[in-house]
Every structure is written in C-alpha cells, then in structure tokens.
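Protein sequence lines, in the order shown, are assigned to chains A and B.
Position 64 of the first sequence, counting from 1, maps to 64 under our numbering, and the rest follow consecutively.
Position 6 of the second sequence, counting from 1, maps to 6 under our numbering, and the rest follow consecutively.
In short, the hints are calculated from the structure, not lab data.
Because the structure is a prediction, the values reported are computed rather than measured.
Please note: incorrect hints may appear among the correct ones.
As the list claims (entries may be wrong) - Dumping the calculated DSBU-like pairs for lysine-lysine here, alpha-carbon to alpha-carbon at most 30 Å: (1) Lys186/B - Lys23/A; (2) Lys41/A - Lys13/B; (3) Lys234/B - Lys3/A; (4) Lys8/A - Lys43/A; (5) Lys234/B - Lys67/A; (6) Lys67/A - Lys141/B; (7) Lys13/B - Lys8/A; (8) Lys186/B - Lys43/A; (9) Lys171/B - Lys3/A.
What the hints assert, rightly or not - Across the chosen pairs, the derived CB separations fall in these ranges: (10) His107/B - Gly36/A: 44 to 50 Å; (11) Gly129/B - Ile49/A: 25 to 31 Å; (12) Ala165/B - Asn9/A: 42 to 48 Å; (13) Val27/A - Lys234/B: 45 to 51 Å; (14) Gly45/A - Lys84/B: 51 to 57 Å; (15) Gln152/B - Tyr66/A: 52 to 58 Å; (16) Lys186/B - Val27/A: 43 to 49 Å.
All residues carry an ideal CB built from backbone N, CA and C; glycine is no exception.
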Amino acid sequence: MPKITVDKNKCKGCLLCISVCPKGLIVVDKELNSLGANPVKFKTGGECIGCAFCALICPDCCIEVYK
Amino acid sequence: MDKIYTHPRALRKTVTHYCPGCGHGILHRIIAEVVDELAIREKVIGIAPVGCAVIAYDYWDFDCSEAAHGRALAVATAIKRVRKENIVFTYQGDGDLAAIGTNETIHAANRGENLTVIFINNAIYGMTGGQMAPTTLLNQKTATTPKGRNAQLQGYPLKISEMLALLPGVKYIERTSLHSPQEIIKTKKAIKQAFLNQVENIGFSLVEVLSPCPTYWGISPSQSLNWIRDTMVKEFPLGRIK
Ligand SMILES: Cc1ncc(C[n+]2csc(CCOP(=O)(O)OP(=O)(O)O)c2C)c(N)n1
Chain A
1 MPKITVDKNK CKGCLLCISV CPKGLIVVDK ELNSLGANPV KFKTGGECIG CAFCALICPD
61 CCIEVYK
Chain B
1 MDKIYTHPRA LRKTVTHYCP GCGHGILHRI IAEVVDELAI REKVIGIAPV GCAVIAYDYW
61 DFDCSEAAHG RALAVATAIK RVRKENIVFT YQGDGDLAAI GTNETIHAAN RGENLTVIFI
121 NNAIYGMTGG QMAPTTLLNQ KTATTPKGRN AQLQGYPLKI SEMLALLPGV KYIERTSLHS
181 PQEIIKTKKA IKQAFLNQVE NIGFSLVEVL SPCPTYWGIS PSQSLNWIRD TMVKEFPLGR
241 IK
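Construct the complete structure from the given sequences, taking the supplied hints into account.
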C-alpha cells in the first residue's frame with residue numbers, strides 16, 4: 001500500500017495537503033511541533049493511492065511519498 | 001517500496017521564513033526540481049529579488065546573487081553576457097518586476113537577452129505589508145486600497161506578460177498557476193521549457209505564476225487557492241501567451 005511521511009517539525013500547518021488528498025488520509029496532529037504549529041499527520045490503514053498531490057502542493061517540502 | 005516523491009537536491013533542508021500556505025515555497029521547490037532534472041545545479045545562477053523572496057538564496061543549493069529592488073534583469077544581463085556558459089534566471093514578484101523594475105524588465109526583454117524569468121504574481125506587495133501592486137485586481141482590498149482598487153484612482157491591473165509578448169526579442173511567455181496539483185504540474189512543465197530555451201540559446205523566456213498570499217489576502221490558504229481559481233484567472237487567463 002502506498003504511503004506518505006511528513007517531516008513534522010517543518011510543517012507550518014497550512015493544511016493545503018488536507019484540502020487536496022482525494023482519500024482524506026491526512027489529519028491535524030493535536031501535538032504542537034517545534035515551530036509552534038499543529039502539523040499534519042498521515043492516517044494509516046486507509047487506501048492511499050500514492051497520487052502525491054499532497055507533496056506537490058506542500059509549500060514547505062515536508063512530504064515524501066512511497067509506492 | 002520506492003520513494004516516488006522526495007526532497008530535491010537543489011533545495012536546502014531549511015525551514016523557510018514564508019507564512020503558512022505561501023506560494024513562494026511551492027515555487028522554490030519546483031525550480032529546484034527542474035534544476036535537478038536538467039542537471040544544471042553546477043552552472044545555474046539565480047537572481048533573488050527584493051520582496052518576500054529576498055533571501056531565496058538561503059533556500060536554494062546553487063549559486064545566487066541578490067539585486068536591488070527591480071534590478072534583477074539588469075544584474076542577470078551582466079552575468080549572462082560575461083558568463084555565457086551559465087544558466088541565469090531571475091525570480092521576481094509583481095512589485096519587483098512590474099512596478100519599480102518595469103524599465104529593466106521591458107528593456108531586457110526588448111534586447112532579447114537569453115534569460116529565464118520566473119515572475120510571481122500574487123496581486124499584492126507581500127514583504128512590505130500588503131499594499132496594492134500593479135497586478136492588484138479591481139475591487140481588491142489592500143492596505144493602500146482599503147475600499148478596493150478603483151480604476152479611476154489606481155488604474156487597471158497591469159498585464160505585463162501580454163505587453164512583453166509584443167516585443168520581437170521575447171521568445172516564450174506562459175501564464176500558469178499554483179491553485180491545484182494539476183496546475184502545479186503545468187507550472188513545472190512551463191518552467192522547464194523556459195530553462196531549456198536558455199540552454200538551447202532560443203532567447204528571452206518568462207513564466208508568470210499566479211501564487212497565493214493568504215496572509216495579505218486575509219483568507220485561509222485553501223480559500224486562497226479557490227480565489228485564484230474563481231477570481232484571479234478571470235483577469236489573468238492561464239496558458240501560452242507567446
Ligand atoms: C528601492 C526600494 N524601494 C522600495 C522598497 C520597499 N519594498 C520592498 S519589497 C517591495 C515590494 C514587494 O512586492 P513583490 O515584488 O510583489 O514581492 P512579494 O513580497 O509580494 O513576494 C517594496 C515596495 C525597497 N526595498 N527598495
């Protein structure tokens with residue numbers, strides 16, 4: 001199953017990735033990161049298709065995609 | 001399992017100073033990817049503007065120079081003329097390229113300098129606090145047009161790309177946007193073309209990119225993408241201009 005990883009201490013919490021994920025597999029992490037933002041995290045167990053839309057739209061280059 | 005999307009070599013792993021959801025970060029990454037794919041990291045020279053991207057050279061892992069506000073194309077002309085083997089590009093906002101730098105922009109284009117220009121149109125001055133730019137839309141509220149831009153007082157949004165397309169020295173102009181993953185893929189393709197044109201000595205190439213500024217538009221990052229899609233592209237239609 002494809003998956004993504006998020007570099008949580010680079011994420012500024014803009015949430016653009018959440019707005020483009022076709023499967024709704026990215027959610028907000030309740031824990032603050034070192035930037036003082038609520039980063040996003042990947043919800044495992046879902047049907048990630050490895051489209052990489054999240055990585056394409058990420059302004060902070062926090063996301064890597066595996067397929 | 002293969003990594004199908006990863007951090008480009010030509011982009012440093014620093015946290016940028018950009019606001020959450022800012023288009024500059026997306027565009028920095030796309031340029032770094034193109035530099036990697038064309039294998040020109042050792043010979044590319046970027047010219048950073050004055051504007052929010054003033055310290056872009058801290059983010060790219062290749063040679064860069066800074067230029068005074070609006071003068072990126074004058075600096076790029078000088079560098080390219082003495083170092084023809086290098087690939088020289090400017091990275092400029094709408095204030096830098098189409099207000100204080102209009103003169104340098106038009107004359108570099110008219111001389112047909114073999115340069116690549118990445119023009120970030122966010123319809124506002126970001127760095128100085130959200131004042132009106134030449135590309136601000138009619139009725140758009142900014143710090144200096146609190147009631148919205150009024151054509152009678154502030155004129156119309158400047159279509160600098162269409163104006164430049166009239167000049168015989170200009171070989172390629174395309175307008176793209178960052179409002180969706182699909183448009184980001186098209187933006188990357190256009191930027192790659194603009195770099196390839198320089199490699200092949202074709203001449204002056206410019207890509208205008210419609211880019212979100214959630215902070216000074218006063219809306220969320222995802223609403224900013226919708227605003228580009230629904231409103232900004234009506235004034236600045238996407239596609240090949242020349
Ligand atoms: C000679 C000079 N005049 C004015 C300024 C103030 N100034 C700094 S950035 C800027 C405009 C920035 O807008 P833009 O080029 O659209 O880039 P953005 O910040 O939106 O990315 C201005 C007017 C300056 N730094 N130097």
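Okay, the hints, checked on the actual structure:
1. The suggested pairing of lysine 186/B with lysine 23/A holds, with an alpha-carbon distance near 23 Å, which does not exceed 30 Å.
2. With a C-alpha separation of about 19 Å, the suggested pair lysine 41/A and lysine 13/B falls inside the 30 Å cut-off, and the hint holds.
3. Distance check on the hinted pair: lysine 234/B and lysine 3/A sit about 37 Å apart at the alpha-carbon level, beyond 30 Å; violated.
4. Taking the CA atoms of lysine 8/A and lysine 43/A, the gap is about 14 Å. The hint holds against a cut of 30 Å.
5. Distance hint between lysine 234/B and lysine 67/A is unfulfilled; the C-alpha atoms sit about 37 Å from each other, more than 30 Å.
6. Annotation: proposed proximity of lysine 67/A to lysine 141/B is violated, straight-line Cα distance about 44 Å (limit 30 Å).
7. Of the supplied pair hints, the one linking lysine 13/B and lysine 8/A holds, its CA atoms being roughly 13 Å apart against a limit of 30 Å.
8. For the hint pairing lysine 186/B with lysine 43/A, the CA-to-CA distance comes to about 29 Å; that is within 30 Å, so the pair holds.
9. At roughly 42 Å between alpha-carbon atoms, lysine 171/B and lysine 3/A are farther apart than 30 Å, so this suggested pair is violated.
10. For the pair histidine 107/B and glycine 36/A, the supplied restraint of 44 to 50 Å holds, since their beta-carbon distance comes to about 45 Å.
11. About 41 Å separates the C-beta atoms of glycine 129/B and isoleucine 49/A, a value inconsistent with the hinted range of 25 to 31 Å.
12. Range check, alanine 165/B to asparagine 9/A: about 44 Å between beta-carbon atoms, so the 42 to 48 Å window is met.
13. Checked against the hint of 45 to 51 Å, the pair valine 27/A and lysine 234/B fails, with Cβ atoms roughly 34 Å apart.
14. Checked against the hint of 51 to 57 Å, the C-beta distance between glycine 45/A and lysine 84/B comes to roughly 55 Å, which is consistent with it.
15. For the pair glutamine 152/B and tyrosine 66/A, the beta carbons lie near 56 Å from each other, so the given range of 52 to 58 Å is met.
16. Checked against the hint of 43 to 49 Å, the C-beta distance between lysine 186/B and valine 27/A comes to roughly 29 Å, which is inconsistent with it.
When held up to the earlier numbered hints, the structure conflicts with 3, 5, 6, 9, 11, 13 and 16 and fits the remainder.
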